[in-house]
Amino acid sequence: MSRYIPKPSPNFDARTRPIDLVVLHYTGMQNADIALARLTDPGPVAGNYPGPWQSDDVEADAPLVRVSTHYVVDEAGQVYSLVAEEHRAWHAGVASWEGDGDINARAIGIEIVNGGHDFDLPDFTDAQIGSVIALLKEIFGRWPQLNAKRVVGHSDVAPARKADPGEKFPWRRLADAGVSFWPRPTSDELDNDDPISAAQQQLAFIGYGVTQTGYADEATRAAIVAFQRRFRPSDLSGHLDEETRRLLAAVARIIKQ
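FYI, the numbering for the sequence shown is 5 to 261, going by this note's numbering.
For the record, the hints were derived by calculation from the structure and aren't laboratory data. Accuracy of the hints is not assured; some may be wrong.
[Claimed, not checked] Have a look at the derived ranges for each label pair, beta carbon to beta carbon: (1) 58 to 199: 37 to 43 Å; (2) 189 to 9: 20 to 26 Å; (3) 8 to 153: 21 to 27 Å; (4) 131 to 11: 16 to 22 Å; (5) 61 to 190: 47 to 53 Å; (6) 102 to 131: 42 to 48 Å; (7) 106 to 11: 37 to 43 Å.
Ideal Cβ positions, reconstructed from N, Cα and C, are used throughout, including at glycine.
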């Protein structure tokens, strides 16, 4: 793939644990220029980034949280390098995976330029997804501990807050390229006596931040929606129907292998 374009961000600090995860995001902003400005801004204020994510009466000089990422991939497939992989970029926010709450300390973040749900969730471009696949392969080559099972979406690690990279993101194309995976529903016998507890066990085993309560609490429902957004994007109901349950069992089996 083409050379990365350097776009250094001052928004980073030291990692406190080894890298073992890649998190994919959409930028959710109007265009690449605005997203890059926001991700490299050492003193962001609300007036510089108007949009549906903040109220109309917010003060223009109200400070915003500083954010960054390791890479940005624009619609043409160009890759921008913002933070060195060895450093901790600030992209995941309040999140959890496999019981660990400091996602930024362990993850490489990739932001994919797309208006997201605030801007009618445009389709991702072929060039863009091709570059994401190539970038992931290069990252895997640099970090042998990373593989197709270690790539997640922002909505996976923060299901109650985030929906990116969204239900239009082509996870199956990434799986076909060997940088993600795609399950086929199992034909195994399902636990019909306590399906909620079984699903909670599977979600937690996969990595989602749920606990076994035996009832469909808010965290469980949010995790199911995030799971569906990735593995069953035609149904984002959060309902634990048979197909979702079989997909859960299939993904848990893949993770276990």
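Right, here's what the structure says about each hint:
The supplied range of 37 to 43 Å is met by residue 58 and residue 199, whose beta-carbon atoms lie about 40 Å from each other. As the Cβ distance of residue 189 to residue 9 is approximately 42 Å, the hint placing it in 20 to 26 Å is violated. For the pair residue 8 and residue 153, the beta carbons lie near 25 Å from each other, so the given range of 21 to 27 Å is met. For residue 131 and residue 11, the hinted distance range of 16 to 22 Å is satisfied, since their beta carbons lie about 19 Å from each other.
Hint check: residue 61 to residue 190, Cβ distance near 51 Å, so the stated range 47 to 53 Å holds. Under the hint 42 to 48 Å, the C-beta atoms of residue 102 and residue 131, about 33 Å apart, miss the expected range. Separated by about 25 Å at the C-beta atoms, residue 106 and residue 11 break the suggested range of 37 to 43 Å.
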